[in-house]
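Could you put the whole structure together from the sequences, leaning on the hints where they help?
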Amino acid sequence: MSEYLFSVKDLKKSYDGNNFILKGINLDIKAGEFIGVLGLSGAGKSTFLRCINRLIDATSGEIIFKKSFLTGIASDTQEIDINKIKGADLRLLRRKIGMVFQQFNIVKRLSVIDNVLSGSLGYQGTLRGTFRMFSLEDKKIALANLERVGLLDQAYKRADALSGGQQQRVAIARTLMQKPALILADEPVASLDPKLSREVLSILQKVCKEDGISALVSLHTLELTKLYSDRIIGFQGGEITFDGTAEELNTDEIEKVYARVK
Amino acid sequence: MSEIKSKSKTEELKESAYEKAPPPKKNIGKMVVTLIVSCIILFWAFSGAKFDVKELVLNGVKPFSDTVERMYPPDFHKIVDEKHYSVPATLTPLELMLPLPLDADKNKQKTIWWNNQFPQTILGSMIQTIQMALAGTTIALFFAFPLSFLAARNTSPHPYVYTSIKSVLSLFRTLPDLAVGLVFVSAVGLGPFAGTLALAFGTTTIITKLLSEAIENIDEGVVEALKATGANYMQVLSFAVVPQILPPLISIWLYRFETNIRAASVLGLIGAGGMGYLLNNAFRTFAYREASAMILILIVLVISVDTMSARLRKMAT
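Chains as they are written, first to last, in this note's numbering: chain A, 158 to 419; chain B, 1105 to 1421.
A few of these clues could be false.
Claimed, not checked - Here are the simulated DSS-like cross-link-like pairs (lysine-lysine), alpha carbons at most 25 Å apart as the crow flies:
(1) A/Lys241 - A/Lys166
(2) B/Lys1418 - A/Lys314
(3) A/Lys265 - B/Lys1418
(4) A/Lys241 - A/Lys224
(5) A/Lys253 - A/Lys352
(6) A/Lys241 - A/Lys223
It should be emphasised that the hints constitute simulated quantities derived from the structure, not laboratory data.
As structure tokens, then:
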């Protein structure tokens, strides 16, 4: 077996039993890859990303991780289908997968550092987490993660005092608290201007490379996708129509990805 | 030249556009029927209520103005005169007011005065009204806070929990405060405790409803983000939901506090403490001028609580 992080086998999703948003996705993701996901609105990108951390339950198919992904014990090499796990195991899975959203989804009324600390909830006991009693060690780690995204000086401000680009960087720092092996980013720069988009994507790419985190980043601009991705996946009508490098993504392939489903 | 240019493309298109997309025709017949039916229903309501303008104007004005006349001028002597407070002769005012170390006998007298004499005075009953409202609303919040998470569609652990709590609460909400008050009076006896419990009961159902609606209106994106970090149910509530409902929670609490000051003064009618008891007594003994003084005090009290809570609400959001 190669160095794959997870592999997706014939993944299908339908909300009503007739129309399939995902029509059988097959994909192997290697550790440390930064993958751009291209496609029109409604092509199934968001649904696919949410199936991986089970915010959405797939209708059928498998997503195979090694058990060590959940437990952190290298000798746990047995394979598990994460579509079948529940409860505490599901939370173990989710805490290893960071997620960044188009609308940032940080808690606007809490301070920046509390938002970052909320990324560590998967590692906290219920009581400590609920009453926001974080250890000094956790706070130091949170500050270090804020420094990595360049926001150390904003740590004690209220989150809604920050600009959009800064809020998204807070969201990235929050995912770093999870010590993730994988980051899913669903249109992370769609509500930012071009300059901030590059800033945020550069930071995301940098932290992923530094920590060897794999990333699946859905983007809607071709230019940004080509600029940042090691590998590009094109979605069209719930299927993968392109899988290759930026160089391989020629005009014909682009046409295919952006073709309207008739 | 400029005149020709001012005829824009819009001007050119407007007739044909109107023809292509004419506004939908109104159904006049339906409107007339609706109007007639509403009129019949309203007529039925007014006749059942024995609504009679003639009676009101010809025979109602005189007694009404008489009552108002008898209430004027308001008589404040019961508030100002010391004798109405029947202060025990053995105690000095300082000893009465301050928590000083006193001998057993004096202490007993002091307790009796604070518990029995003082609440019978206008000033005392006013303070008691505020205390009842404050205590009742706080008890209500204590119960309503956890309940509202169970009664909100998006945070309820199971649809059955959500539905059953919602329906039990709307059932309880239909009970009038006075009826609930009577039940508590028979349970714990006359006095402010029964009134406070009645307020707490009614307010719990209403705060739960309002708060659960606030929870249903939160930004779900944050909930999704917190779930994605691997946080469990309680942690998601604490981080994603509670910060978002804090401003509505404070404003709901203040609003109910205001309402409960009014409600507490009514509860006195059934002997459940507060100003209503004195007010009722004044009316029954035809002491209209004292009653009007009490009403004025109540008005000032409600207005000042209103203003204060408006200010607090602004600070909270």
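Hints and how they fare:
1. A/Lys241 - A/Lys166: Since the Cα atoms of A/Lys241 and A/Lys166 sit roughly 14 Å apart, the hinted pair holds (cutoff 25 Å).
2. B/Lys1418 - A/Lys314: 21 Å, holds
3. A/Lys265 - B/Lys1418: 18 Å, holds
4. A/Lys241 - A/Lys224: 13 Å, holds
5. A/Lys253 - A/Lys352: Cα-Cα ~30 Å, so violated.
6. A/Lys241 - A/Lys223: Holds, at roughly 14 Å.
Consistency note: the structure conflicts with earlier hint 5 alone.
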